[in-house]
Amino acid sequence: MWTLTPSLTVSYEAKIAFLSLSILEFAVGILTNAFIFLVNFWDVVKRQPLSNSDLVLLCLSFIRIFLHGLLFLDAIHLIYFQKMKDPLSHNYQAIIILWMTVNQISLWLTTCLSLLYCAKIVRFSHTFLLCVASWISRKLPQMLLGAILFSCICTVVCLWDFFSRSRFAFTAVLSRNDTEFNIQITKLSFFYSFLLCNVGSIPPFLLFLISSGLLIVSLGSHMRTMKAQTRGSQDPSLEAHIKALVILVSFLCFSVVSFSAALVSVPLLMLWQNKFGVMVCIGMMAVCPSAHAAVLISGNAKLRRAMDIILSWVHRGLKVRTDRKADASTEDRPEMHFHEYVSDSSRIYL
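Using the UniProt record's numbering, you'd call the opening residue of the sequence shown number 1 and step up by one each time.
Because the hints were derived from the structure by calculation, they are not lab data. Treat the hints with care, as some may be off.
[Stated by the list, open to error] Okay, derived cross-link-like pairs now, BS3-like style, lysine-lysine, Cα gap no bigger than 30 Å in a straight line: (1) K243 - K46; (2) K227 - K120; (3) K120 - K15; (4) K46 - K139; (5) K319 - K120.
All values reported here derive from a predicted model rather than from experimental measurement.
Model the full structure from these sequences, guided by the hints.
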(Lines of atoms letter the chains of each structure in order from A and count residues from 1; the text may use other names and numbers.)
(Lines give C-alpha, C1' and ligand atoms only; values in the text may rest on other atoms or scores of the structure.)
Protein backbone atom coordinates (compact mmCIF):
# COMPACT_ATOMS: atom_id res chain seq x y z
CA MET A 1 0.00 0.00 0.00
CA TRP A 2 1.29 3.41 -0.94
CA THR A 3 2.04 5.67 1.98
CA LEU A 4 3.27 9.22 2.17
CA THR A 5 5.80 10.06 4.82
CA PRO A 6 4.83 12.99 7.04
CA SER A 7 6.63 16.27 6.43
CA LEU A 8 5.96 18.29 9.55
CA THR A 9 8.48 20.97 8.61
CA VAL A 10 10.02 22.17 5.37
CA SER A 11 13.40 23.70 4.72
CA TYR A 12 14.06 27.42 4.83
CA GLU A 13 14.80 27.42 1.09
CA ALA A 14 11.46 25.78 0.33
CA LYS A 15 9.65 28.38 2.43
CA ILE A 16 11.41 31.23 0.63
CA ALA A 17 10.62 29.70 -2.78
CA PHE A 18 6.98 29.17 -1.85
CA LEU A 19 6.69 32.70 -0.46
CA SER A 20 8.22 34.19 -3.63
CA LEU A 21 5.85 32.12 -5.79
CA SER A 22 2.87 33.17 -3.67
CA ILE A 23 3.80 36.86 -3.95
CA LEU A 24 4.20 36.51 -7.73
CA GLU A 25 0.85 34.70 -8.11
CA PHE A 26 -0.86 37.24 -5.87
CA ALA A 27 0.58 40.18 -7.84
CA VAL A 28 -0.36 38.68 -11.23
CA GLY A 29 -3.84 37.74 -10.02
CA ILE A 30 -4.52 41.15 -8.54
CA LEU A 31 -3.18 43.00 -11.60
CA THR A 32 -5.14 40.97 -14.16
CA ASN A 33 -8.42 41.02 -12.27
CA ALA A 34 -8.02 44.66 -11.22
CA PHE A 35 -7.42 45.52 -14.87
CA ILE A 36 -10.69 43.80 -15.91
CA PHE A 37 -12.54 45.49 -13.07
CA LEU A 38 -11.19 49.00 -13.72
CA VAL A 39 -11.79 48.87 -17.49
CA ASN A 40 -15.45 47.98 -16.97
CA PHE A 41 -15.88 50.21 -13.92
CA TRP A 42 -14.57 53.17 -15.93
CA ASP A 43 -17.56 52.77 -18.24
CA VAL A 44 -19.80 52.94 -15.17
CA VAL A 45 -18.05 56.13 -14.04
CA LYS A 46 -18.53 57.64 -17.50
CA ARG A 47 -22.18 56.52 -17.34
CA GLN A 48 -21.86 54.41 -20.41
CA PRO A 49 -24.11 51.34 -20.60
CA LEU A 50 -22.44 48.04 -19.83
CA SER A 51 -23.19 44.97 -21.91
CA ASN A 52 -24.32 41.84 -20.11
CA SER A 53 -20.95 40.15 -20.55
CA ASP A 54 -19.11 43.24 -19.23
CA LEU A 55 -21.39 43.28 -16.20
CA VAL A 56 -20.56 39.63 -15.44
CA LEU A 57 -16.83 40.31 -15.90
CA LEU A 58 -17.07 43.31 -13.56
CA CYS A 59 -18.57 41.17 -10.77
CA LEU A 60 -16.33 38.17 -11.48
CA SER A 61 -13.08 40.17 -11.37
CA PHE A 62 -14.16 41.86 -8.12
CA ILE A 63 -14.84 38.49 -6.46
CA ARG A 64 -11.59 37.00 -7.70
CA ILE A 65 -9.61 39.81 -6.11
CA PHE A 66 -10.91 38.57 -2.74
CA LEU A 67 -10.19 35.00 -3.83
CA HIS A 68 -6.53 35.82 -4.46
CA GLY A 69 -6.37 37.64 -1.16
CA LEU A 70 -7.64 34.56 0.70
CA LEU A 71 -5.20 32.28 -1.11
CA PHE A 72 -2.31 34.60 -0.26
CA LEU A 73 -3.47 34.71 3.36
CA ASP A 74 -3.61 30.91 3.31
CA ALA A 75 -0.03 30.77 2.03
CA ILE A 76 1.24 33.21 4.67
CA HIS A 77 -0.54 31.29 7.42
CA LEU A 78 0.88 28.00 6.17
CA ILE A 79 4.44 29.35 6.12
CA TYR A 80 4.61 31.22 9.41
CA PHE A 81 1.75 30.14 11.69
CA GLN A 82 0.63 26.64 10.75
CA LYS A 83 2.01 23.81 12.89
CA MET A 84 1.50 20.41 11.31
CA LYS A 85 1.32 18.81 14.75
CA ASP A 86 -1.95 20.76 15.00
CA PRO A 87 -2.89 20.77 11.30
CA LEU A 88 -6.42 22.11 11.68
CA SER A 89 -6.20 25.18 13.83
CA HIS A 90 -9.35 27.25 14.03
CA ASN A 91 -7.89 30.15 12.03
CA TYR A 92 -6.70 27.87 9.24
CA GLN A 93 -10.09 26.16 9.03
CA ALA A 94 -11.81 29.54 8.78
CA ILE A 95 -9.53 30.60 5.89
CA ILE A 96 -10.26 27.38 3.98
CA ILE A 97 -14.04 27.65 4.51
CA LEU A 98 -14.02 31.30 3.39
CA TRP A 99 -12.01 30.37 0.28
CA MET A 100 -14.50 27.66 -0.64
CA THR A 101 -17.49 30.00 -0.26
CA VAL A 102 -15.85 32.78 -2.31
CA ASN A 103 -14.82 30.21 -4.92
CA GLN A 104 -18.47 29.11 -5.08
CA ILE A 105 -19.56 32.68 -5.85
CA SER A 106 -16.92 32.81 -8.59
CA LEU A 107 -18.30 29.56 -10.02
CA TRP A 108 -21.85 30.97 -10.07
CA LEU A 109 -20.71 34.10 -11.91
CA THR A 110 -18.80 32.07 -14.48
CA THR A 111 -21.91 29.92 -14.95
CA CYS A 112 -23.90 33.08 -15.67
CA LEU A 113 -21.27 33.99 -18.28
CA SER A 114 -21.55 30.57 -19.91
CA LEU A 115 -25.36 30.80 -19.97
CA LEU A 116 -25.09 34.22 -21.60
CA TYR A 117 -22.72 32.91 -24.28
CA CYS A 118 -25.05 29.98 -24.87
CA ALA A 119 -28.11 32.25 -25.19
CA LYS A 120 -26.41 34.66 -27.60
CA ILE A 121 -24.48 32.24 -29.81
CA VAL A 122 -26.41 28.97 -29.99
CA ARG A 123 -29.14 28.91 -32.64
CA PHE A 124 -32.07 27.12 -31.02
CA SER A 125 -34.84 25.61 -33.09
CA HIS A 126 -37.26 24.71 -30.31
CA THR A 127 -39.67 27.43 -29.19
CA PHE A 128 -39.16 26.79 -25.49
CA LEU A 129 -35.37 27.03 -25.79
CA LEU A 130 -35.71 30.23 -27.79
CA CYS A 131 -37.84 31.73 -25.01
CA VAL A 132 -35.32 30.64 -22.37
CA ALA A 133 -32.42 32.15 -24.36
CA SER A 134 -34.31 35.40 -24.81
CA TRP A 135 -35.17 35.49 -21.10
CA ILE A 136 -31.51 34.96 -20.13
CA SER A 137 -30.39 37.82 -22.37
CA ARG A 138 -33.03 40.17 -20.91
CA LYS A 139 -32.83 39.12 -17.27
CA LEU A 140 -29.11 38.67 -16.77
CA PRO A 141 -28.81 41.37 -14.03
CA GLN A 142 -31.57 39.61 -12.10
CA MET A 143 -29.78 36.30 -12.64
CA LEU A 144 -26.58 37.78 -11.26
CA LEU A 145 -28.42 39.09 -8.22
CA GLY A 146 -30.07 35.72 -7.68
CA ALA A 147 -26.76 33.88 -8.02
CA ILE A 148 -25.11 36.22 -5.52
CA LEU A 149 -28.02 35.86 -3.08
CA PHE A 150 -27.94 32.06 -3.40
CA SER A 151 -24.18 32.10 -2.82
CA CYS A 152 -24.64 34.34 0.23
CA ILE A 153 -27.24 31.94 1.64
CA CYS A 154 -24.85 29.02 1.08
CA THR A 155 -22.08 31.05 2.72
CA VAL A 156 -24.22 31.76 5.78
CA VAL A 157 -25.21 28.09 6.05
CA CYS A 158 -21.60 26.93 5.69
CA LEU A 159 -20.27 29.43 8.22
CA TRP A 160 -23.08 28.66 10.67
CA ASP A 161 -22.39 24.94 10.34
CA PHE A 162 -18.66 25.52 10.66
CA PHE A 163 -18.86 27.63 13.81
CA SER A 164 -21.50 25.37 15.40
CA ARG A 165 -19.36 22.31 14.76
CA SER A 166 -16.30 24.17 16.03
CA ARG A 167 -18.16 24.98 19.22
CA PHE A 168 -19.22 21.34 19.55
CA ALA A 169 -15.65 20.18 18.96
CA PHE A 170 -14.38 22.68 21.54
CA THR A 171 -16.90 21.36 24.09
CA ALA A 172 -15.84 17.79 23.37
CA VAL A 173 -12.21 18.76 23.76
CA LEU A 174 -12.89 20.29 27.17
CA SER A 175 -14.85 17.25 28.33
CA ARG A 176 -12.10 14.75 27.47
CA ASN A 177 -8.41 15.31 28.07
CA ASP A 178 -7.36 12.99 25.24
CA THR A 179 -5.14 14.47 22.53
CA GLU A 180 -5.85 11.79 19.92
CA PHE A 181 -9.60 12.03 20.51
CA ASN A 182 -9.49 15.81 20.24
CA ILE A 183 -7.65 15.64 16.90
CA GLN A 184 -10.15 13.14 15.50
CA ILE A 185 -13.11 15.31 16.56
CA THR A 186 -11.54 18.36 14.89
CA LYS A 187 -10.86 16.42 11.68
CA LEU A 188 -14.40 15.02 11.56
CA SER A 189 -15.94 18.44 12.13
CA PHE A 190 -13.87 20.04 9.38
CA PHE A 191 -14.60 17.18 6.97
CA TYR A 192 -18.36 17.64 7.31
CA SER A 193 -18.02 21.41 6.82
CA PHE A 194 -15.86 20.79 3.74
CA LEU A 195 -18.47 18.49 2.22
CA LEU A 196 -21.31 20.93 2.96
CA CYS A 197 -19.49 23.79 1.23
CA ASN A 198 -18.86 21.66 -1.85
CA VAL A 199 -22.51 20.59 -2.11
CA GLY A 200 -23.47 24.20 -2.95
CA SER A 201 -21.13 24.10 -5.97
CA ILE A 202 -22.98 21.23 -7.66
CA PRO A 203 -25.91 23.24 -9.21
CA PRO A 204 -23.74 25.93 -10.90
CA PHE A 205 -21.27 23.32 -12.11
CA LEU A 206 -24.04 21.26 -13.72
CA LEU A 207 -25.47 24.36 -15.41
CA PHE A 208 -22.01 25.25 -16.62
CA LEU A 209 -21.52 21.78 -18.13
CA ILE A 210 -24.93 21.90 -19.84
CA SER A 211 -24.35 25.32 -21.41
CA SER A 212 -20.82 24.38 -22.50
CA GLY A 213 -22.16 21.15 -24.02
CA LEU A 214 -24.77 23.09 -25.98
CA LEU A 215 -22.07 25.37 -27.33
CA ILE A 216 -19.99 22.38 -28.45
CA VAL A 217 -23.00 20.79 -30.18
CA SER A 218 -23.87 24.11 -31.81
CA LEU A 219 -20.30 24.55 -33.01
CA GLY A 220 -20.31 21.10 -34.61
CA SER A 221 -23.63 21.78 -36.32
CA HIS A 222 -22.44 25.17 -37.55
CA MET A 223 -19.22 23.72 -38.97
CA ARG A 224 -21.17 21.04 -40.85
CA THR A 225 -23.43 23.75 -42.30
CA MET A 226 -20.41 25.80 -43.36
CA LYS A 227 -18.84 22.77 -45.02
CA ALA A 228 -22.03 22.02 -46.92
CA GLN A 229 -22.37 25.63 -48.09
CA THR A 230 -18.59 26.02 -48.74
CA ARG A 231 -18.43 29.29 -46.83
CA GLY A 232 -15.23 31.06 -45.97
CA SER A 233 -13.36 30.66 -42.70
CA GLN A 234 -13.95 34.30 -41.68
CA ASP A 235 -17.45 33.60 -40.41
CA PRO A 236 -18.41 35.79 -37.39
CA SER A 237 -20.57 33.07 -35.86
CA LEU A 238 -17.74 30.55 -36.05
CA GLU A 239 -15.31 33.00 -34.45
CA ALA A 240 -17.82 33.72 -31.67
CA HIS A 241 -18.26 29.99 -31.05
CA ILE A 242 -14.52 29.42 -30.84
CA LYS A 243 -13.84 32.39 -28.54
CA ALA A 244 -16.65 31.40 -26.17
CA LEU A 245 -15.50 27.78 -26.08
CA VAL A 246 -11.88 28.77 -25.43
CA ILE A 247 -13.01 30.83 -22.43
CA LEU A 248 -15.35 28.15 -21.08
CA VAL A 249 -13.12 25.13 -21.72
CA SER A 250 -10.15 26.90 -20.15
CA PHE A 251 -12.27 27.70 -17.10
CA LEU A 252 -13.40 24.06 -16.93
CA CYS A 253 -9.79 22.85 -17.02
CA PHE A 254 -8.66 25.39 -14.43
CA SER A 255 -11.63 24.55 -12.20
CA VAL A 256 -10.86 20.82 -12.34
CA VAL A 257 -7.21 21.49 -11.49
CA SER A 258 -8.14 23.85 -8.64
CA PHE A 259 -10.78 21.53 -7.20
CA SER A 260 -8.46 18.51 -7.47
CA ALA A 261 -5.70 20.44 -5.70
CA ALA A 262 -8.12 21.49 -2.94
CA LEU A 263 -9.38 17.90 -2.63
CA VAL A 264 -5.87 16.45 -2.45
CA SER A 265 -4.77 19.05 0.09
CA VAL A 266 -7.32 17.78 2.62
CA PRO A 267 -5.79 14.29 3.13
CA LEU A 268 -2.32 15.81 2.82
CA LEU A 269 -3.23 18.09 5.70
CA MET A 270 -5.36 15.79 7.84
CA LEU A 271 -3.94 12.30 7.30
CA TRP A 272 -0.36 12.57 6.08
CA GLN A 273 0.47 15.98 7.57
CA ASN A 274 2.69 16.77 4.59
CA LYS A 275 3.31 20.51 4.62
CA PHE A 276 5.26 20.58 1.35
CA GLY A 277 2.43 18.82 -0.49
CA VAL A 278 -0.08 21.33 0.85
CA MET A 279 2.15 24.17 -0.39
CA VAL A 280 2.18 22.67 -3.90
CA CYS A 281 -1.62 22.38 -3.87
CA ILE A 282 -2.06 26.01 -2.76
CA GLY A 283 0.30 27.14 -5.52
CA MET A 284 -1.78 25.27 -8.11
CA MET A 285 -5.02 26.74 -6.72
CA ALA A 286 -3.61 30.28 -6.99
CA VAL A 287 -2.50 29.87 -10.62
CA CYS A 288 -5.96 28.95 -11.96
CA PRO A 289 -7.98 32.20 -11.45
CA SER A 290 -5.18 34.46 -12.69
CA ALA A 291 -4.62 32.25 -15.76
CA HIS A 292 -8.33 32.34 -16.58
CA ALA A 293 -8.32 36.13 -16.19
CA ALA A 294 -5.56 36.28 -18.83
CA VAL A 295 -7.74 34.13 -21.13
CA LEU A 296 -10.67 36.50 -20.56
CA ILE A 297 -8.52 39.51 -21.48
CA SER A 298 -7.28 37.87 -24.69
CA GLY A 299 -10.82 36.88 -25.71
CA ASN A 300 -12.53 40.22 -25.07
CA ALA A 301 -12.21 42.96 -27.71
CA LYS A 302 -12.67 45.87 -25.29
CA LEU A 303 -10.12 44.51 -22.84
CA ARG A 304 -7.64 43.87 -25.65
CA ARG A 305 -8.00 47.46 -26.88
CA ALA A 306 -7.44 48.77 -23.36
CA MET A 307 -4.39 46.55 -22.99
CA ASP A 308 -2.99 47.77 -26.32
CA ILE A 309 -3.45 51.38 -25.21
CA ILE A 310 -1.61 50.73 -21.94
CA LEU A 311 1.21 48.87 -23.69
CA SER A 312 1.62 51.62 -26.29
CA TRP A 313 1.66 54.25 -23.52
CA VAL A 314 4.34 52.28 -21.66
CA HIS A 315 6.31 51.85 -24.88
CA ARG A 316 6.19 55.61 -25.58
CA GLY A 317 7.30 56.34 -22.04
CA LEU A 318 10.25 53.98 -22.33
CA LYS A 319 11.16 55.46 -25.71
CA VAL A 320 11.10 59.01 -24.33
CA ARG A 321 13.31 57.94 -21.44
CA THR A 322 15.74 56.26 -23.84
CA ASP A 323 15.83 59.35 -26.04
CA ARG A 324 16.56 61.56 -23.05
CA LYS A 325 19.44 59.32 -22.01
CA ALA A 326 20.75 59.42 -25.57
CA ASP A 327 20.58 63.23 -25.63
CA ALA A 328 22.39 63.40 -22.31
CA SER A 329 25.15 61.11 -23.62
CA THR A 330 25.64 63.29 -26.73
CA GLU A 331 25.90 66.41 -24.59
CA ASP A 332 28.68 64.74 -22.62
CA ARG A 333 30.78 64.49 -25.84
CA PRO A 334 31.44 68.14 -26.90
CA GLU A 335 34.55 67.33 -28.99
CA MET A 336 32.74 64.93 -31.30
CA HIS A 337 33.04 65.83 -34.97
CA PHE A 338 29.93 66.87 -36.83
CA HIS A 339 29.74 63.79 -39.09
CA GLU A 340 30.17 61.50 -36.07
CA TYR A 341 27.35 63.31 -34.27
CA VAL A 342 25.03 62.97 -37.27
CA SER A 343 25.72 59.27 -37.70
CA ASP A 344 25.32 58.64 -33.99
CA SER A 345 22.02 60.53 -33.85
CA SER A 346 20.64 58.70 -36.85
CA ARG A 347 21.56 55.41 -35.25
CA ILE A 348 19.65 56.34 -32.09
CA TYR A 349 16.48 57.79 -33.54
CA LEU A 350 15.92 55.64 -36.63
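(request) Identify every previously stated hint that the structure contradicts and give their numbers, smallest first. (result) 3 and 5
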